[in-house]
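Peer 1: Listed here are the chains, written in short residue letters.
Protein chains: 2
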Amino acid sequence: EAARGAETARALVLRLHYADQADLVQSLPAEDRRALIGALKGAFDPEILPELDDYVRDEVIETLGYQDLAQALAELDSDDALYVVAQLDEAEQAAVLERLPVATRALIEQGLSLPEYSAGRLMQRELVAVPAYWSVGETLDYLRSAPRLPEDFHEIYVVDPRHRPVGQLRLSTLLRSQRSIRLRDIMDAEMPPLSTTADQGEVARLFRDRNLMSAPVIDVSGRLVGRITVDDVLDVIEEEAEDDMLRLAGVAEVDLYRAVVDTVKARASWLGVNLITAILASLVIGLFEATLQSIVALAVLMPIVASMGGNAGTQALTVAVRSLATKELTPSNAWRIIGKEFLVGILNGVVFAVLIGAIAWIWFDRPEIGLIIAAAMVINLAVAGLSGIVIPLALERMRIDPAIASAVFLTTITDVVGFFAFLGLASLFLMP
Amino acid sequence: EAARGAETARALVLRLHYADQADLVQSLPAEDRRALIGALKGAFDPEILPELDDYVRDEVIETLGYQDLAQALAELDSDDALYVVAQLDEAEQAAVLERLPVATRALIEQGLSLPEYSAGRLMQRELVAVPAYWSVGETLDYLRSAPRLPEDFHEIYVVDPRHRPVGQLRLSTLLRSQRSIRLRDIMDAEMPPLSTTADQGEVARLFRDRNLMSAPVIDVSGRLVGRITVDDVLDVIEEEAEDDMLRLAGVAEVDLYRAVVDTVKARASWLGVNLITAILASLVIGLFEATLQSIVALAVLMPIVASMGGNAGTQALTVAVRSLATKELTPSNAWRIIGKEFLVGILNGVVFAVLIGAIAWIWFDRPEIGLIIAAAMVINLAVAGLSGIVIPLALERMRIDPAIASAVFLTTITDVVGFFAFLGLASLFLMP
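Order-wise, the sequence lines are chains X and L. For the first sequence, the numbering used here assigns the number 434 to the last residue and increments by one with no breaks. For the second sequence, the numbering used here assigns the number 434 to the last residue and increments by one with no breaks.
Errors might be hidden in some of the hints.
Copies of the same chain are indistinguishable here, so a pair counts whether it falls within one copy or spans any two.
Using 16 Å as the maximum straight-line C-alpha spacing, the simulated EDC-like pairs for lysine to aspartate or glutamate come out as follows [said to hold, decoys possible]:
#1 Lys329 / Asp190
#2 Lys43 / Asp233
#3 Lys43 / Glu9
#4 Lys329 / Asp25
Hints were generated in silico from the structure; no laboratory data involved.
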C-alpha cells in the first residue's frame with residue numbers, strides 16, 4: 003500500500019516543472035520530504051538542487067547520499083554545480099568531488115578557489131568565442147556545424163589571438179548582416195569585461211545600470227574564461243536587497259526552514275546586543291530615580307520620546323542603508339543629505355512636539371510637563387535624523403556593513419538621548 | 003567665460019555612458035543640475051530619462067519643457083517611453099501626448115490604459131512572430147531580409163493563424179537546425195504566456211523561478227501583443243524587495259532626492275501612527291502609577307522588557323514578510339511556522355530571562371524583582387514570536403500589504419504586553 007502511494011506521488015511530482023517540484027519539496031514537513039526524495043530517487047531532476055533553500059538542500063543531500071549527488075551534479079551546468087558544491091562543508095565537498103568525473107571536478111575545484119560572491123562563481127564557462135578576422139558567413143557556418151557549442155547562447159564573443167575579448171555580437175545582428183562583412187566591423191566593442199574576482203554586487207549593479215543581457219568574464223591575464231548572463235544576476239539582485247532588509251532587523255538570512263534550535267542561536271546574538279543597549283538606557287533612567295519618584299507622570303510619558311526617536315531615526319537609516327547599497331549615496335552628496343536629514347528631523351520634531359506637548363499638558367494638567375516633553379521631542383528627533391544618516395555613512399567608511407551594525411547604534415543613541423533629554427530637563431526645571 | 007565652461011562640461015558629459023550621465027545628473031545639487039541640463043539641450047540623450055530617480059526626473063523634465071520631452075520620448079523604446087509618461091501627472095501627460103507623433107501617442111495611450119505595475123506596462127511591443135508551418139530555412143531568410151524587425155531579439159515567437167503564441171524558439175536553436183525542418187517540430191511549446199494585466203510581482207517571480215530569458219504577453223483575446231525580457235524584470239525584482247524593506251521602516255520609497263518639506267510630510271504620517279502606539283503604551287504604564295511610585299526600580303527596568311520584545315518580534319516579522327513576498331510562506335506551511343516562531347520566542351525568552359533576572363537581582367539587590375522581570379521577559383518574547391508571524395499572515399489574508407501595517411501592530415503588542423506583564427506582576431506580588 004505504502005509502495006503504491008509512493009509510486010503515485012512519484013508519477014504526479016515528475017509531471018511538474020522542476021521549479022514547482024522544488025517548491026513542493028520545500029513546503030513539506032521534514033519526514034514527508036525524506037519520503038518523497040526517497041520515492042524520486044533515480045528519476046530525481048538535478049535542476050531542483052540549485053532552486054532549494056540552503057537548509058532544505060542539506061536535508062535532501064543527506065537523503066540522496068554522495069553517489070547520487072555526484073551523478074546529479076555532473077548533469078548540471080557548471081555554474082549551478084559549483085553553486086551547490088560551494089554550500090557544502092569541507093568534508094562533504096571532498097566526498098562529493100572524488101565521486102565526480104575528472105573534468106567536472108577540475109572545473110568545480112577551480113571555481114571553489116575563487117572568492118565567494120565573485121563574478122567567477124556566477125559565470126558559466128560554456129560560451130562561443132570566434133576571432134575578429136572572421137566574416138559573418140564563416141561565423142554562421144561555424145555556428146551551424148560546430149559539434150560542441152553551448153545549448154543556449156544569445157551573443158558570441160569576439161577574441162584576439164591571445165583569447166582576450168575585444169567585442170561581442172548579438173545573434174540577431176549577425177543574422178541580419180551580409181556574409182562578407184568582417185566581425186570586427188560590426189561587433190560591439192563597448193562591452194565591459196568583468197574580472198573573475200569582481201564582487202557580485204558590483205556585477206549586479208553594472209547589469210542594472212547598463213541594461214546588459216550578458217557580459218564576458220576575464221581572468222588575471224585578460225583571457226576570456228566565462229560569461230555572465232542577466233538571469234544569473236536576478237538572484238543576486240534579489241539577495242542583495244533582501245540581505246539589507248534582514249540584517250537591519252537582526253536576522254542573517256531567511257530562516258523559515260531552519261531548525262528551531264539553530265534559529266534560536268542565530269537570533270540570540272542580536273538580542274544579546276540589544277539587551278546591552280536596553281540596559282544602557284536603563285542606566286540613564288537610573289540617574290533620575292529621585293525625579294521619577296517625586297513626579298511619577300514622567301515615568302508614564304518617558305517611553306514616548308525614546309520610541310518616536312527610534313522610529314524617526316529608522317526611517318532615515320533605512321533610506322541611507324539602501325542608498326549606500328545602490329551607490330546613490332556617495333561622498334559627493336553625503337553632506338547635502340546629512341543637512342537634509344537633520345532638517346527633516348527638526349521639522350518633524352517640531353510637529354510632534356506641539357502634538358505631544360498639548361496631549362501631556364491636558365493629560366496631567368501641568369503645562370510645564372507639556373513644555374518639557376515638547377523640548378525633548380525636538381532634541382531627540384533632530385538627533386535621530388542626524389544619527390540615521392551619519393551612523394551608516396561612518397560604518398561604510400570604516401568598511402563595516404552598515405546594514406548589520408547601524409540599527410543597534412541608532413537605538414542606543416535615540417534611547418539614551420530620549421530619556422536623558424526628557425528626564426534631565428524635568429530634573430532641571432521641575433525639581434526644587 | 004560661463005558659456006565656455008558650459009561647453010566644456012557638455013563635451014565631457016557627452017563622452018559618458020548614459021547610465022553614468024544619469025548618475026552624474028542625479029548627484030548634483032538642484033541648481034547645477036538645471037545648468038547641466040540646460041547645457042546639454044539638443045545633445046541630450048533620451049536614454050537618461052528612464053534611469054533617473056522620480057524626483058530628479060521631474061526636475062529635469064521641467065527644465066526640458068514639453069516639446070523637448072516629446073522629442074526625447076519618440077526616440078525611446080515603447081516600454082521606456084511609457085514608463086516615463088506614466089510617472090507624470092495627468093495635466094503633464096496630456097501636454098506631452100499631444101506633442102508626440104500619432105503612432106507613438108497611440109501606443110502610449112494604450113499602455114496607460116493598462117493597470118499600473120502590470121505585465122502590459124513592462125512589455126516591449128517590438129518582437130518577431132512567425133507562423134508554425136514555416137520551415138527553418140524560410141524563417142532564416144525572413145529574418146535576414148525583412149525590413150522592419152526589432153534591433154535586438156533573442157528568440158522568435160511562433161503563432162497560430164489568429165496570432166496566438168503556440169511556442170518560442172531561440173535564435174541559437176534556429177541557427178543550428180536543418181533548413182527543411184518545420185518550426186512546430188523544434189519550437190519550445192512550454193512557455194508560459196503572460197496576460198497584459200498580470201501583476202509585475204508575479205511576472206518577476208515566474209522569471210526567477212523558471213530562469214526565463216523572456217516570455218510572450220497576450221491580450222484578453224489571447225493574441226500576442228508583446229514580450230517581456232529578463233532585463234525588464236531586474237528593476238522589478240529589486241524594487242519589490244526594496245519596497246518591503248522601506249515599508250517596514252515606515253518610508254514609502256527612497257526619498258534621498260526628495261525636497262525637505264515633502265519628505266517631512268511623507269514621513270510624518272508613519273510617525274503619527276507611532277505616536278498613537280506610544281501613547282497607548284503610556285496609558286498601560288499609567289495604570290500602575292501607584293506601584294511605580296513605591297518601587298522606582300520598576301521604572302528604571304521597564305523599558306528593557308518592551309524593547310527586547312520589539313526586537314525579537316521584528317526578527318520573526320521580517321522573515322515572515324519576506325517569505326510571504328517570495329511565496330515561501332503559504333497557507334500550507336503557515337501552522338508549522340507559527341509553531342516554530344512561538345517555540346523560538348519561548349526559548350529565547352528563557353535565555354534572556356535568566357540573564358536579565360540575574361542582572362536585575364544584583365543591580366537592585368532584590369531577588370523578587372529579578373524573578374518578576376524574568377517572568378515578564380518569557381511572556382513578552384513568546385508573544386513577540388507569535389505576533390511576528392501571525393500579524394503578517396492575518397494582514398495578507400485580509401489583502402492588506404503586511405509590509406506596511408505589520409510593524410505598528412507588532413510594536414503596539416510588544417509594548418503593551420511588555421509593560422503590562424512586568425508592572426502587572428510587580429503590582430500583584432510586590433505591593434501590599
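Peer 1: Now, for every hint given, state plainly whether the structure supports it.
Peer 2: Hint check results:
1. In this assembly of identical chains, Lys329 and Asp190 lie within 16 Å of each other by CA distance neither inside one copy nor across copies; the values are 27 Å within and 40 Å between.
2. In this homomeric assembly, Lys43 and Asp233 never come within 16 Å of each other (Cα to Cα): the closest approach is 29 Å inside a single copy and 36 Å across copies.
3. Proximity of Lys43 and Glu9 under a CA criterion of 16 Å is satisfied intra-copy only: 11 Å inside one chain copy versus 69 Å between copies.
4. When the C-alpha separation of Lys329 and Asp25 is checked against a cutoff of 16 Å, the pair qualifies only between copies, where the shortest distance is 9 Å, while the shortest distance within a copy is 34 Å.
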